[in-house]
Amino acid sequence: MNKKIYFRGPWIYIIAALCLVIGSVGPLFGYLNAASSSYESEAATVMFDDDDDCEDKLFATLTGPTIGGQMPRGFAQFKLDNDEGQNRLKVFVRFVNLSEDTMLDVYVDGTFVGHIAVRENGNSHGFFDPDLNISAGSVIEVRNGSTVILSGTFHECEEGTPTGTPSGTPTSSATGTPSATPSHSPTCEPSETPEHSPTGTPSATPTHSPTGNASGTPTHSPTGTPSGTPTHSPTGTPSGTPTHSPTGTPTGSATATPSPSPGQPRMFTAVLRGSNVEPSVQTNARGFVGVQLSADGTEIRVFGTFVNLSSSQTAASINCPALPGQNASVTFDLGTVGGTTGHINRTFSITSLEAAELQSGLCYVVIGSENNTSGEIRGQLLNRYMHGDMDGDGKADISLFRPSDGTWYYLKSSDSGFAAGQFGTAGDRPIAGDFDGDGRGELAVFRSLGGSGIWYVHNSSDNSVAVRQWGLGTDVPMAGDFDGDGISDLAVFRPSDGNWYASRSSNGTLMAMHWGQAGDVAVSGDYDGDGISDAAVFRPSTGAWYVNRSSDGQFTALQWGLEGDKPVTGDFDDDGLADIAVFRPSDGNWYINGSRGTFLSVHFGTSGDIPVPGRFDGDDKTDIAVFRPSEGNWYILKSQTSSITATNFGLNGDVPIVNY
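Numbering (numbering that gives the first Met the number 0), first residue to last: 0 to 659.
FYI, nobody ran anything at the bench for these hints, they're computed from the structure. Hints may contain errors.
In silico BS3-like pairs for lysine-lysine, Cα to Cα no more than 30 Å straight-line [as the list claims (entries may be wrong)]:
1) K637 to K411
2) K620 to K565
3) K637 to K620
4) K89 to K78
5) K565 to K637
Generate the whole structure from the sequences, applying the supplied hints.
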């Protein structure tokens with residue numbers, strides 16, 4: 000592991016003195032540490048000066064209840080520097096869903112330390128020189144007025160990740176009806192129409208179109224009965240009912256719990272592009288990297304792909320700690336693969352300090368090339384939701400919703416545990432998404448009430464329930480990340496007029512576009528690899544796909560399928576981009592148009608099956624899978640081993656939770 004390089008000796012005093020002359024708090028690394036004259040002497044800013052070892056350090060992971068449906072997160076590090084006689088405290092916060100320039104107060108053991116101001120996307124940080132006796136067990140709080148929005152307990156830096164329960168209970172809980180209606184509600188026409196609207200015929204036809212039979216049949220086809228039955232099968236009533244059920248107005252009080260809970264792996268992903276490099280780089284290259292933190296917090300597995308570099312790859316690393324727009328030194332050297340396209344697969348031991356930085360969203364992946372030695376593409380590692388991942392381990396879980404009684408059932412891939420909860424009622428439409436940003440799927444339903452579309456979301460981060468009107472009751476609900484912040488947005492597609500409406504979680508603004516027409520099927524996904532969901536539709540009458548690319552505002556039109564085909568999406572060729580694909584119930588074949596220009600046809604399924612692709616084995620490829628309602632079986636063709644698993648989980652009439 001490379002060591003970090005820091006300023007030492009007299010230079011740090013010169014820099015600190017200059018900062019004090021200008022004003023003890025000012026622009027630093029692109030962010031403003033706001034301070035008033037009453038505390039300028041107490042909270043002087045300092046530079047990074049730590050080693051990457053754990054000696055003489057304390058750290059705390061900051062957690063708190065959701066704010067407006069979004070879970071904040073943060074990290075604090077303290078070091079008593081005996082050589083220079085100076086206490087050093089740095090505090091980072093992310094995804095604080097409050098207005099920009101909102102002043103937050105930092106306290107340690109009830110003693111005020113200083114202020115930090117909320118900046119773009121809820122990010123901020125502060126560096127302080129507190130004259131306090133901070134030790135293991137000291138409690139740090141970030142407050143908005145009298146409300147504690149983030150808190151944590153300092154621990155010594157050592158191997159392993161500390162476990163425990165947050166020391167406080169949130170002061171507010173989303174247990175009622177929202178007090179306000181959003182300023183923009185998609186109940187009318189958007190004010191603008193995009194330049195391109197897929198209401199006509201695409202100008203070109205691809206070389207390959209799945210209008211006939213696949214050229215071959217795989218060795219294995221799930222047309223029979225699985226050889227075994229799992230221990231748990233949701234054929235009865237769950238043993239318990241949760242406190243909150245969206246059958247009316249939620250009642251009760253929510254209690255905060257750690258997220259994700261200790262004792263299970265956690266997945267973090269980064270979407271790499273040139274615009275994320277500091278300073279930015281103009282390039283057609285892109286990449287996707289996943290980092291899986293082990294259940295005990297002592298090891299990470301790094302895997303990913305990069306494509307279309309402008310020259311041969313020369314470097315790759317994970318750098319910490321830094322917010323977007325800041326640079327940090329190398330923490331994990333991922334090595335040189337070479338070439339303009341390649342794969343990364345490495346394993347490292349990790350200290351508890353590094354694990355805390357990773358979990359707080361303060362690490363990024365950067366890949367350099369001969370033309371851009373300091374970095375051609377980069378992306379922040381976030382506890383980003385994998386579709387269908389209910390336990391936050393980076394794998395899709397077998398999960399379904401039973402409309403007859405509003406019960407959810409899922410098998411946790413982290414420990415094969417069985418979970419059930421009642422959240423919803425007959426007629427509700429289940430939604431797969433991570434609406435609070437904790438990396439786990441929520442129990443969420445969309446309900447038509449009085450002509451309006453009402454969303455009920457059970458936040459997994461703190462067990463609170465959020466209720467919001469967004470759309471019409473006849474709209475098609477979906478959960479995509481339309482602003483690239485790693486959090487699912489409330490979104491609907493309106494078949495009657497082909498309009499899309501999304502409420503961006505990053506800033507609450509409205510996204511509205513006309514993309515489609517009556518009869519189209521919405522199939523949102525990240526088809527251009529920029530980390531933002533694209534509006535896309537499949538037109539059954541013609542078998543055509545239309546994708547509005549968020550990266551450049553252009554569109555893709557492709558003839559791929561026949562009437563009667565079921566559109567699906569996923570990254571079947573592990574390049575970080577969603578692929579255009581269909582499942583043909585008439586013959587049980589899958590036809591996949593890979594974003595690398597590859598064509599794949601697989602016979603996997605039979606008439607009546609429901610396609611449920613997902614990353615069930617934890618690698619960076621989407622697995623082909625089907626749910627067979629007639630027998631309640633799931634069949635998964637795992638890309639990692641090319642093996643088939645068969646699991647009996649469900650009844651005829653159950654709705655499997657899918658990612659499109």
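Hint by hint, here is what the structure shows:
no. : hint         : in the structure
1   : K637 to K411 : holds, 17 Å
2   : K620 to K565 : holds, 20 Å
3   : K637 to K620 : holds, 9 Å
4   : K89 to K78   : holds, 9 Å
5   : K565 to K637 : holds, 21 Å
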